[in-house]
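Enquirer: What follows is the residue order along each chain.
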Amino acid sequence: MVSIVIVGNGAAGNRAAEIIRGYDPGAAITMVAREESPEYSACALPDYLSGWISREQLFIKQWSDYRKSNINIISGVNVARIDAGQKLLVTEQGDISYDRLILATGSRTFLPPVPGHDLPGNFAVKTVTDIDAIMAHRPQRAVVVGSGNIGVEMAASLKVRGCQVTLVEMRGQILPRIFDPESAGRIRGMLTTHGIRVFTGEELMAVSGCDRVEKVSTSQQVIACDTVVWAAGMKPEVEIASQAGIEIGELGAIKVDPFLQTNRPGIYACGDCIEAVDMLTGMPAQRMLWPNAKRQGEVAGLNCIGCQVAYEGAISLVTSEVFGVPVASMGLTAAALTGQPVQVVEGECQGSHWRLLLVDDRIMGMQAIGITAGLGAVMAMMKNRVLITDFRKIVSDPELAQRAAWYLPAGRFLNAG
Amino acid sequence: MNKHLQVEIDKCTGCGLCQLACAVNRSQQFNPSLARIKIHRIELQGLNVPSICQQCANPPCAAVCLMNVIKKDPATGITVPGHNSCIGCRACQLACPFEARTYDHIHDVMVNCDLCWGHPACVEICPTGALQYCDISSHLAAVRDAEAVKRTRVPDWERGQHG
Numbered sequence: 001m002v003s004i005v006i007v008g009n010g011a012a013g014n015r016a017a018e019i020i021r022g023y024d025p026g027a028a029i030t031m032v033a034r035e036e037s038p039e040y041s042a043c044a045l046p047d048y049l050s051g052w053i054s055r056e057q058l059f060i061k062q063w064s065d066y067r068k069s070n071i072n073i074i075s076g077v078n079v080a081r082i083d084a085g086q087k088l089l090v091t092e093q094g095d096i097s098y099d100r101l102i103l104a105t106g107s108r109t110f111l112p113p114v115p116g117h118d119l120p121g122n123f124a125v126k127t128v129t130d131i132d133a134i135m136a137h138r139p140q141r142a143v144v145v146g147s148g149n150i151g152v153e154m155a156a157s158l159k160v161r162g163c164q165v166t167l168v169e170m171r172g173q174i175l176p177r178i179f180d181p182e183s184a185g186r187i188r189g190m191l192t193t194h195g196i197r198v199f200t201g202e203e204l205m206a207v208s209g210c211d212r213v214e215k216v217s218t219s220q221q222v223i224a225c226d227t228v229v230w231a232a233g234m235k236p237e238v239e240i241a242s243q244a245g246i247e248i249g250e251l252g253a254i255k256v257d258p259f260l261q262t263n264r265p266g267i268y269a270c271g272d273c274i275e276a277v278d279m280l281t282g283m284p285a286q287r288m289l290w291p292n293a294k295r296q297g298e299v300a301g302l303n304c305i306g307c308q309v310a311y312e313g314a315i316s317l318v319t320s321e322v323f324g325v326p327v328a329s330m331g332l333t334a335a336a337l338t339g340q341p342v343q344v345v346e347g348e349c350q351g352s353h354w355r356l357l358l359v360d361d362r363i364m365g366m367q368a369i370g371i372t373a374g375l376g377a378v379m380a381m382m383k384n385r386v387l388i389t390d391f392r393k394i395v396s397d398p399e400l401a402q403r404a405a406w407y408l409p410a411g412r413f414l415n416a417g
Numbered sequence: 001m002n003k004h005l006q007v008e009i010d011k012c013t014g015c016g017l018c019q020l021a022c023a024v025n026r027s028q029q030f031n032p033s034l035a036r037i038k039i040h041r042i043e044l045q046g047l048n049v050p051s052i053c054q055q056c057a058n059p060p061c062a063a064v065c066l067m068n069v070i071k072k073d074p075a076t077g078i079t080v081p082g083h084n085s086c087i088g089c090r091a092c093q094l095a096c097p098f099e100a101r102t103y104d105h106i107h108d109v110m111v112n113c114d115l116c117w118g119h120p121a122c123v124e125i126c127p128t129g130a131l132q133y134c135d136i137s138s139h140l141a142a143v144r145d146a147e148a149v150k151r152t153r154v155p156d157w158e159r160g161q162h163g
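Same order as they appear, the protein sequences are chains A and P. In terms of our numbering, the first sequence opens at residue 1 and continues consecutively. In terms of our numbering, the second sequence opens at residue 1 and continues consecutively.
No wet-lab data here; the hints were simulated from the structure. There's no promise every hint is true.
Distance windows between CB atoms, simulated [claimed, not checked]:
id	chain 1	residue 1	chain 2	residue 2	range
1	A	37	P	119	40 to 48 Å
2	A	389	P	77	44 to 52 Å
3	A	99	P	118	28 to 36 Å
4	A	110	P	77	37 to 45 Å
5	P	143	A	83	34 to 42 Å
6	A	195	P	135	22 to 30 Å
Taking lysine-lysine pairs in the DSSO-like style, the calculated list, with each CA pair at most 27 Å apart, reads [as the list claims (entries may be wrong)]:
id	chain 1	residue 1	chain 2	residue 2
7	A	383	P	11
8	A	61	A	235
9	A	61	A	126
10	P	11	A	61
11	A	87	A	159
12	A	255	A	87
13	A	126	A	215
14	A	235	A	126
15	P	72	A	61
16	A	255	A	235
17	P	3	P	71
18	A	68	P	11
19	A	68	P	72
20	A	235	A	215
21	P	3	A	383
22	A	393	P	11
23	P	3	P	72
24	A	393	A	383
25	A	61	A	215
26	A	68	A	255
27	A	126	A	87
Reference listing, derived: stretches of chain A covered by chain P, where coverage requires no fewer than 3 residues with Cβ under 8 Å from a Cβ of chain P [stated by the list, open to error]:
id	region
28	249-256
29	289-296
The C-beta atom is built at its ideal place from N, Cα and C for all residues, glycine as well.
Just chain A, with the same shape it has in the complex (with noise of 0.2 Å):
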């Protein structure tokens, strides 16, 4: 009986145990997990801070749900290191020995090192005990540092609770690595018409006060509030791979094969913890992303089997709902495009408004707000690479459009169809 171990209980930790699950009834399956609860949403966070969903509901799996697939899950323990020499995963409650080890073991939010980051009132964005802490402290005047898709829902969410929200974000424009300037810029407005402050360009130097947060100092001015919530990134969680001689790539993160192993045959990885490949650039990426996390544990899990599935790489696809209006991002941006000729496609009705990105006649990537009906069909264009030209042929001739209806729905985009 082949005895597999996966460390982390996140999106892809529970995946790969699904699968393997599914696919071999008896192997022994070990979930070992820091965290002291069940798999949960982390996606859904700020929706539970902002009262939208309880914290039940934040719940994927209940305990008995891992009794059920017969797996063993050990909660609320840290593992110490990997003996990759005799199989072992050390933790503080005893050695496991494995066969197989699939380190799903995530992320952690990145706390840059300005003075005051540890003062009482200072709060990261990964957990749902993060959020227990959020709520238990009663916010009122929150600087939410950081505008990607984690600080803009958070800011939104504290806004919804009552809290008076300003947004810090270093760079140019809000939501930078998933939006265009342009579409920014309208969500920004968005916000603001809200009530959200936000300060684009503006570094936060420090956090300071007496016993607690007080007030931030930006590089512009300062700003006085009793809450400073962080999402300025996400850390690949590395150190006990590291440490067990598994290769960390240039961007941080465990590198992997296209089977999701490591450089230590038998050890796989996934989710967050991985450099994986972008699916359109062929580069190494990191997408941080429930879907992708999920797709990474399957093939994580399949592998470590023995089925041989090459993981097709990692895909941005982003929602997210700003105070009821929703907006999507998918692919990349211009930015992330720098040095290819990108051909912009820019629509609007009925107060929803799109982007499409174009290079050499293909979708990659697309932005949208107000409007998310109809992108499945643009997502499958783009991962499939297909030809605008060919999609203009196939909806303008009815007999091709008949046999090919799965592209009608981009139609709405391109001003075709």
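Add chain P to chain A, keeping to what the hints say.
Expert: Chain P in isolation, oriented as in the chain A frame:
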């Protein structure tokens, strides 16, 4: 028996009755935007293409679901939207290549066609027979036969006679 919703595009007139029946049956409002079935109308070509959930074996919507609520019903093979914890994030809408996921703004959840528990309202109301609820294997056989006739321009009975 593996029954599915089948579409004969040639017969669809784009009347939209199926969308109204779907919306009122499942979301209690006569609002086509709430329908689980959609019709792509290309008016210049007189083309109306209904699109519905294909009940994929390995659904891409479930693969991206941020709450892991979209599941395949093991008994029927139907993709079940799973409303209890759906947060309406619409990731599934970005993943589905068939535009088969609809945002139900009344209940703020994402929905897809679940074949109305075996009695699809759209099929009952479709005036032209473009929508059918039938055994998938017999339907595919019929489609294949019709296609063979079209391509060879030889009627079925002749093909049968001469092999």
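Enquirer: Could you run down the list of hints and mark each one as holding or not?
Expert: Right, here's what the structure says about each hint:
1. A:37 with P:119: 40 to 48 Å: Given a distance of about 41 Å, which is inside 40 to 48 Å, the answer is holds.
2. A:389 with P:77: 44 to 52 Å: violated (38 Å)
3. A:99 with P:118: 28 to 36 Å: violated (46 Å)
4. A:110 with P:77: 37 to 45 Å: holds (44 Å)
5. P:143 with A:83: 34 to 42 Å: For residue 83 (chain A) against residue 143 (chain P), whose Cβ atoms are near 59 Å apart, the range 34 to 42 Å is violated.
6. A:195 with P:135: 22 to 30 Å: violated (57 Å)
7. A:383 with P:11: Since the Cα atoms of residue 383 (chain A) and residue 11 (chain P) sit roughly 32 Å apart, the hinted pair is violated (cutoff 27 Å).
8. A:61 with A:235: holds (26 Å)
9. A:61 with A:126: holds (18 Å)
10. P:11 with A:61: Status violated; Cα separation ~45 Å.
11. A:87 with A:159: With Cα atoms ~49 Å apart, residue 87 (chain A) and residue 159 (chain A) exceed 27 Å; violated.
12. A:255 with A:87: holds (20 Å)
13. A:126 with A:215: holds (23 Å)
14. A:235 with A:126: Holds, at roughly 11 Å.
15. P:72 with A:61: holds (17 Å)
16. A:255 with A:235: Distance of about 14 Å is within 27 Å: holds.
17. P:3 with P:71: holds (18 Å)
18. A:68 with P:11: With a Cα-Cα distance of about 48 Å, the restraint between residue 68 (chain A) and residue 11 (chain P) is violated, given a limit of 27 Å.
19. A:68 with P:72: holds (18 Å)
20. A:235 with A:215: Roughly 26 Å between the alpha carbons, so the hint for residue 235 (chain A) and residue 215 (chain A) holds.
21. P:3 with A:383: violated (31 Å)
22. A:393 with P:11: holds (23 Å)
23. P:3 with P:72: Between residue 3 (chain P) and residue 72 (chain P) the Cα gap is close to 15 Å, so the pair holds against 27 Å.
24. A:393 with A:383: holds (19 Å)
25. A:61 with A:215: Since the Cα atoms of residue 61 (chain A) and residue 215 (chain A) sit roughly 39 Å apart, the hinted pair is violated (cutoff 27 Å).
26. A:68 with A:255: violated (34 Å)
27. A:126 with A:87: violated (30 Å)
28. 249-256: Violated: only 0 residues of the region 249-256 of chain A have a Cβ under 8 Å from chain P.
29. 289-296: holds (count 4)
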